[in-house]
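For chain P, the structure is supplied; the task is to place chain R on it using the hints.
The chain contents come next:
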Amino acid sequence: MSRLKYGWWLPVLAVFVVFPLVEKNPTYTTIGVFALIFMGCATSWNMFSGYSGYINLGAAVFYGTGAYTMALLSNHLHVPGSGDQFWLVPVGGLVAMIVAVPFGLIALRVRRHTFVVITIAIFFVVQLSAINFSFTGGTSGLSLPLIPWLETNFNTPFYYIALGIVIFATLLSFAVRRSRFGLQLLAIRDDEDRASGLGVKVFAVKLTGFTLSAFAIGMCGALYAVFIGQIYPQFVFDPLFDISIALMAIFGGLGTLVGPLLGALVLESMQQYLTLQFSSSSLYLVIFGALFLVIVLFMPQGVVVYVRDLWTRHSLASDDDSTPMDPALSGSTSA
Amino acid sequence: MNGTAVLHSIIDGVLTGSVYALMATGLTLIFGVMNIINVAQGIFVILGAYLSYALSVHLGIDLFAGLAITIPTLFVVGIVVERAFLSRIKGPERVVMSILVTYAVALVIEGVLDMVFTANYVELHAWYVDQSVRVLGIWLPYIYLLGFALALVLLGALYVMLYRTRFGASVRASLANQTAAALVGINVRRVSTICFGLGVAVTAAGGMIYGATNAFNANSSYDLISRLLVIIVLGGMGSLGGALVAGIMMITIEDLVSVVWGSTWSNLSFFVILVIVLSLRPQGLFGQRSVRVA
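Just so you know, the sequences run in chain order P and R.
The end of the first sequence is residue 411 by the working numbering, with every number in the run present.
The end of the second sequence is residue 329 by the working numbering, with every number in the run present.
No wet-lab data here; the hints were simulated from the structure.
Small disclaimer: the values here were computed from a predicted structure and weren't measured.
Mixed in with the good hints there might be a few duds.
Stated by the list, open to error - Computed list of lysine to any residue pairs in SDA-like fashion (alpha-carbon distance at most 20 Å, straight line):
1. R/K125 with P/F374
2. R/K125 with P/D385
3. P/K277 with P/R187
4. R/K125 with P/L373
5. R/K125 with P/V379
Unchecked claim - Reference excerpt, derived from the structure (chain P facing chain R, CB under 10 Å, subset only):
6. L86
7. I194
8. V201
9. F368
C-beta atoms are modelled at their ideal positions from N, C-alpha and C, and glycine is treated no differently.
For reference, chain P alone in the conformation it holds in the complex (with noise of 0.2 Å):
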């Protein structure tokens, strides 16, 4: 049973390793480079939010936090374009975590709905602070120094890092799933007080998960400053990215490990491409919307969980012999 069940993440990883060797145009790459760095930020995003119930939409604020971080590091720190950027990558994981630790103090004072109005708030915070700071560059930025790699080829270690960045995230993400520390996340989730009566300290348990999510998405923050070379204020904190990742991990289902690895993969790789197609971001806003409207209200599970209710109502229904699911591993099932 434990080799089906997780037999095929390999085939998968497969795939993903093989995918720059055979895509060679650079336009589809850089849809893989996206995809791959909006599933590492919707994979950690779902370790604490998914896990807890507590939806935070002020994850950019980690985003921006390791972006502004690379930013400012190499420039300061003069590193040349050669590649050499790529070792200040966790550093900008571990300045997130900075940050997310008073963030997580203000936030987490407050339950659910306020919680997620208080993410906001403070997002928005940030975003001011970082338009209005002279070291950040105001509205226009910040630049990186330029890489001088070939457009043929300047994707891939990109490619390879984001990707990196992903089964770290998903790793982490499973480790915190199977430990005393995920089950006391979830115990938060279904039922705070009984939690904390059970012993359970909530609020540290929630401040460590807080910002132990920032880590991957600070990360990504800090491979895209580098990918894209330029940075403003308004797109690396961007209200956008908060809901975007969320919607990711709900439209794949919150609370799974496959969910937010899958919702972000097909958003994302759809909004690039639908970018691409119809140059007016007006339309891809009305048929994102409403295929989002449909998952929500047909699978509100999300598309993980539906399909695998399926499944389970079809084996039970063809024979006997299914095993019933695991209760560690079967993600979210409240409800």
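Quick look at chain R alone, frame taken from chain P:
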């Protein structure tokens, strides 16, 4: 910085703040009755503004007369959205799902508005928008006073409806406790639908005033919704009086900060105040601390 500038910013803040209070009241009413955070409130305001714009530019209908068309239109839009989408959300993650559904609705409306009206900023015009009157030694466009009066009239009407009618009693019962309200025979479903319609309908008036005092495009909805959310959280979610006080207070403080420290910091002050207040009083200024939030 001088006395006149400060006085000006206070008057301006109170007048504009009342319009924000009106829009926020709709939002907090929806939250209180339905436990739904309507993230689309910002785009509904812009939709209202664009409707007024279309009526005044293409049909030559006066902005205030046009409200007779735009308010019922948005009421119907609200009812349709509630019936078609929000009423289908069930389960423990209802609040979160409501944010996503209303956000998706907002994206669709934003895309459509963007296609129909393009991304160019527009402004509503009428004689009372372009002409000013001298109040307490300060020149103010008439629209500020008219908008203030309109907001007061509508808030008053809302108050009378909520506190002096039978329907209002059922709304307040649903605000206090849905299960108990249903047990005494109130049709909570119907109350919810009408409240959503009402909460959205007020954005028609708010949008008209907003459009007459600011240049806007579909993108302006983000700025609006973030302010409106801050206002209702500060006032205490579900508290109608709280939305009124917080709306006027926040806009006045924002205007004052803009006079004292410059306009770049005024937006920031908005959110900083929220963070400070919530650190001291997590339930907001007038909110009641819920004993147990599931």
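Here is what the structure says about each hint:
{"no.": "1", "hint": "R/K125 with P/F374", "result": "holds (11 Å)"}
{"no.": "2", "hint": "R/K125 with P/D385", "result": "holds (18 Å)"}
{"no.": "3", "hint": "P/K277 with P/R187", "result": "holds (15 Å)"}
{"no.": "4", "hint": "R/K125 with P/L373", "result": "holds (10 Å)"}
{"no.": "5", "hint": "R/K125 with P/V379", "result": "holds (17 Å)"}
{"no.": "6", "hint": "L86", "result": "violated (33 Å)"}
{"no.": "7", "hint": "I194", "result": "holds (6 Å)"}
{"no.": "8", "hint": "V201", "result": "holds (4 Å)"}
{"no.": "9", "hint": "F368", "result": "holds (4 Å)"}
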